[in-house]
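Trainee: So the chains spell out like this:
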Amino acid sequence: MYAESQVASAAPRLPGKLPLTATLLLLGALAASAAPWFLERDPVSVVSAFWSYDGGDYTSVLAHFSWAPRVSIALLIGCGLGLAGAVTQQVLGNPLASPTTLGVEAGGQFGVTLATLFAPALLAFSQDLVAVAGGLLAIGMVIALTWRLGFSPVTVILAGLVITFFMGALNMAFMLIKGEWLGNLFIWGAGSLVQNSWQPFMDLWPRVLILGAALVLLMRPLQLLQIGQASASSLGARVGLLRMLALFLVVLMSATVVSRVGVVAFVGLAAPVLARLLGARTLQERLIWSMLLGGGLLLLADTLAHWASSWGDGSLVPTGTTTALIGGPIILLALQGFKNTHHMPGQESNPGAFLPKRRSVLVTGAVLLCLLLATFFVSMGWSPGLQEWSWTPIADWGEAWVWRGPRLLAAILAGVCLGLAGSLIQRMTGNVMASPELLGISGGAALVMVLIVLTGTEIGRAGQLGAATLGAAGALGLLILLARRHRFAGNQLLLGGLALYVFMDSGLRLVMASGGTVAAKLLNWMYGATWLISETEALSLLGLTLVICLTLFVAIRPLTLLALGDTSASSLGLPVTRARLGLLILAAILTAAATVVIGPLSFVGLIAPHLARVLGQQTVGRQMIGSALAGGLLLALADYLSRIVIFPSQLPAGLLAALVGGIYFLWGLSRHGRA
Amino acid sequence: MSTSSPFTTPRFTNLLARIAAGLCLLLLSAMAAAQTWQHEQGRVSLDKPPQRIVALNWAATEALLLLGVTPVGVADKSGYATWVREPMLPDHVPNIGTRVAPSLEAIAELEPDLIVTSSEMAPAAVLLHQIAPTYVSSVYKKGARPFAKARQMLITLAEMLDRADRAREILADIDTTLANQRRRLEAYGVHKRSVALVSFLDDRHVRIFAPNGLYQTTLDGLGLDNVWPHEGNYWGFSTVGLEAIAPYPNGRIVVIEPTRPGLSDKLAQSPFWTYLPAVQRNQVYQIEPVWPFGAVFPVKRLAIQLTDALIQGGADNVR
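Taken in order, these protein sequences are the chains called A and B. If you read the first sequence in this note's numbering, its first letter stands for residue 1, the second for the next number, and so on. If you read the second sequence in this note's numbering, its first letter stands for residue 1001, the second for the next number, and so on.
These aren't lab readings, by the way, just hints derived from the structure by calculation. A portion of the hints provided could be inaccurate.
A few chain A residues that don't get close to chain B, going by computed Cβ distances all over 10 Å [to be verified]: (1) G55; (2) F174; (3) M219; (4) G314; (5) A529; (6) L666.
Restraint-style ranges between C-beta atoms, simulated for each label pair [what the hints assert, rightly or not]: (7) Q1152/B / L369/A: 49 to 55 Å; (8) W397/A / Q1051/B: 35 to 41 Å; (9) E1111/B / R578/A: 46 to 52 Å; (10) V44/A / D1175/B: 53 to 59 Å; (11) A1148/B / S52/A: 49 to 55 Å; (12) L550/A / D1162/B: 14 to 20 Å.
Quick caveat: nothing in here was measured; it's all calculated off a predicted structure. The beta carbon of each residue, even a glycine, is placed where N, CA and C say it ideally should be.
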């Protein structure tokens, strides 16, 4: 069930001696960080800045109270997170596990946001407490969901990712409503190591030391895990308890860090991956070197962030941005060692076990269609006004259509597109967890939008659409390049998409830290501002969707054949690679069209196809019809709710969809596990 | 008493009435000839001064209130009282949603005859035009000079509302205020040292207001130098770590409220702050909230607050 030994030996190795690299990294980072100071002060006083200062010389005060604590805290936190990451990977036997990928950091952030808004007193009492609670909640959810699947690596990461998005969406909902007040949370969400006294370091080091020591004490029992669960149990180790304890300590460590300096993502992932790539074999080696590499990496990232701030116009570049930039390549590196044989969710040998009862496509389709029409009627007619709720008579619908129609139509179409794209991708990859969102196609579109906002360019809707399509196509191209070696097999695509999100995330962090107003605007788009859709745009989207639907009729046969496996498909006369490529492009267009309307994080592409299957639509064509209708229904509801829940303010519709979608996904995952 | 003056003869009255009617017609036709204004995303034509105006950002809200026109709907109404404060927004004005995502339906319900917005709403321009003539003016956008843009927006709005005199008065008043406050500063001899305008985000980070922002107009008018040499984002500020102000030891620090509770304690415990030259010289000044992303009025408000604070003398910490 646990694949740890396999993971350890499967990793390719970079050349170079581990101690040498680690030392070079640490010394290099230190030197880089100290470089500006050497220009101003003699070497002795630079070093002595760590313990003394001269009150009469402000440069010395600055070195002692700003630079030295920043370096110290970067090393401390880096070491702590590196160690936590290595332990997480060991406990879960998962080369991609880390506090970030398990949602612990997002959970901690969620806790602090909630406390800032609703219980400032609690926050003043202990910031750690709320962060730890949030972190525990997140990892608890991940564990509960993946328990029955035996913590298989990809499932755990997917669940962690969805929890991260889900909590991120909740966070955003609060930030959008209360944005003016949360300027500091924006920075904090991006992770800033700026220091102006030794107090935070003094607070932090005993905690990190104690937690670190506890984790190291667990090393011996953890080592037993390496020989496999069965053998460990027979040696008297209480495996389950041990894992829980270790994970609890990991949560404490990451949440303590998060509550003080904000979300410094991916250090806990990068350090152990790097240690393994550099040839750390035994558990002992991995723990020690992960810790040291973590310290070096974070100091380096922080120095880069600091340099970037001083080179530019002086405005802050948060450290979380640079660490997130490291995260993407690291995931890709880790993927290289990821064997294709790993157990994937949705690739059970016996999928028949949880196939729901087949139902007539006519009945199911008709029911979905009726629900969709009902939503349409209510959305058009029953609406809040500045004074009271009122029912708009059908005679006045022509007028109401202007405000309610295009956005509703566009939302439905976006749902249809995502439902279709999701079905396509799930069929192609043979994986029910695949979707445009998780594959990073939406992420690619979003990344381009983030860049546009970062550069401050004003473009109209047409520009947005073009840019998003380019982004989606770019992401897709990248995925094709990455996955070509694996003949477009599911796993690599899925995790490659994850890496794309990480890049997008780093851009988002930068925008969020640089200014509340810009961020609010971007976040509104990221979570799907359907209200911006004009009638022309909605109608052109309708045209596009119809054309693609017609094209999809052609795609039913290849999709059916691909499900039989590559060998069978090509023996039946299907040019497998070309078929996959064509289908991918189709999926990209569908995704881009939907992303412009609803943003990248709605999860509709994930849950609509799943819903169709639950409703008993198994064959390709039927699943597509069911999934398109279900997707349309979901987003129609989301659009209606987004308009009415806090009238006259609005929530982005994609945000609501993401919340509903997240819950459904988590439920589906646990159900999946039971079956 | 029955005097028969020639001016009350029926014939004369009749004539008078006809002339008056003729004049009225002339006037009406002159007014009916729609006037057109060019703006950032096209042009807007108005037959008569608009009565029901909806403002989609606080800069527009402020400009309208200054001109003596209360909008029939504003965005983010509750925040206005906290962050902008002056000129006062009456309580009865309905809220039409947030500034980044106003409710089109609520706007339409108010049946406005003019909507004032900025190019931030560019993607929604078509939709807004369907509701009412829309005047687009962005005080804050890439490459714009906020005060010049705000001034132009005020003048154009005044023309539309037929209140050009009022706009001239407001602008003249701002100039006079700046000149008066400058004289006060010079009289007290507190005008020489440069200032850093900051607002605290937490105890480690501040927004520092840059030379391309609205506040620079106040500083220029008062003859004060801005400590911060870099351009900020197009809103006219940069988010920086507190240590970024350390390289400018000669400046005074002006802290714009609101500040978070507990900030002064945390700063007092940080030798980095207490050793800061400005802090050592007791040159930390604190002033009431002034909206940094407004139109023309914050320039005046800041000028008075800043002058008062500088004359009153600084402290060694925020309050």
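Trainee: Looking at the structure, which of the earlier hints fail to hold?
Mentor: 1, 4, 5, 8, 9 and 12
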